[in-house]
Amino acid sequence: MKHTFSSDNLLFYSLNQSHLELYKSIYTDSNIMKYIAPTLSVAQAEKSFPLQLKEWQLNSSNYCLLVVHHKIYDKDIGLCGFKTFDKATMQANMGVMLLEEYQSLGLGTEILKSMTKYCFNEIGFNKLNGPPIIDNKSCIKILEKSEYQQEALLRANWKINEVYYDTPLYTLLKEECSYLD
22 MKHTFSSDNL LFYSLNQSHL ELYKSIYTDS NIMKYIAPTL SVAQAEKSFP
72 LQLKEWQLNS SNYCLLVVHH KIYDKDIGLC GFKTFDKATM QANMGVMLLE
122 EYQSLGLGTE ILKSMTKYCF NEIGFNKLNG PPIIDNKSCI KILEKSEYQQ
172 EALLRANWKI NEVYYDTPLY TLLKEECSYL D
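Position 16 of the sequence shown, counted from 1, bears residue number 37 in my numbering, the numbering being contiguous throughout.
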């Protein structure tokens with residue numbers, strides 16, 4: 022299933038072979054990855070990229086990675102995605118990664134709200150999770166602006182470069198989302 026949708030300023034579409042350079046730019050940049058996962062080497066990114074091209078389905082163990090394309094700049098500016106967390110209760114984890122020059126421009130909220138609408142309306146999820154590490158203040162702000170509420174604090178829940186981080190679990194239920202069409 023190919024995923025395509027849009028917002029006022031952005032287009033979202035399924036990752037394909039032509040996006041290797043974007044993928045490498047993000048996953049090998051320590052400033053982008055510092056709150057997400059260990060930074061990959063170029064060789065590691067090239068090796069992991071084909072795995073991201075597998076067609077996503079509800080029971081997939083991988084993220085459905087989408088390219089974020091800015092309409093005005095006519096440029097691919099990042100990746101976002103969702104991954105089924107629990108199929109029985111129709112929950113998914115959400116994620117956004119932007120190239121550094123497109124961070125702090127207010128695009129994160131537009132991306133998350135667009136993905137949220139798509140996941141609720143098109144995929145049929147009932148609950149969406151945003152599990153940032155506690156130090157990722159920008160992500161927490163985006164989640165709160167998008168109506169996600171902190172449900173719990175998961176202690177020592179995420180490990181990046183041998184350091185454990187607490188994860189405030191932000192969630193949004195479909196019935197609570199005020200911006201669905």
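No lab work stands behind these hints, which were simulated from the structure alone. All C-beta atoms, glycine included, are put in the ideal place defined by N, C-alpha and C. One or more hints might be untrue.
[Unchecked claim] Think about it this way: if two alpha-carbon atoms lie no more than 16 angstroms apart in a straight line, the pair counts; the simulated EDC-like pairs of lysine to aspartate or glutamate are:
| # | residue 1 | residue 2 |
| --- | --- | --- |
| 1 | Lys55 | Asp187 |
| 2 | Lys162 | Glu183 |
| 3 | Lys92 | Glu131 |
[Claimed, not checked] Label pairs and their in silico Cβ distance ranges:
| # | residue 1 | residue 2 | range |
| --- | --- | --- | --- |
| 4 | Glu168 | Glu42 | 33 to 39 angstroms |
| 5 | Lys68 | Lys195 | 16 to 22 angstroms |
| 6 | Phe106 | Ala64 | 26 to 32 angstroms |
| 7 | Ser82 | Glu183 | 20 to 26 angstroms |
| 8 | Gln170 | Lys108 | 36 to 42 angstroms |
| 9 | Ser39 | Glu197 | 34 to 40 angstroms |
| 10 | Asn147 | Asp95 | 33 to 39 angstroms |
| 11 | Leu174 | Asp107 | 29 to 35 angstroms |
| 12 | Tyr94 | Tyr185 | 36 to 42 angstroms |
| 13 | Glu183 | Lys158 | 28 to 34 angstroms |
| 14 | Ser51 | Thr110 | 20 to 26 angstroms |
| 15 | Glu67 | Glu197 | 16 to 22 angstroms |
| 16 | Glu143 | Ser69 | 24 to 30 angstroms |
Any hints from earlier that this structure breaks? Give me their numbers in increasing order, please.
-> 2, 5, 8, 11, 13, 14, 15
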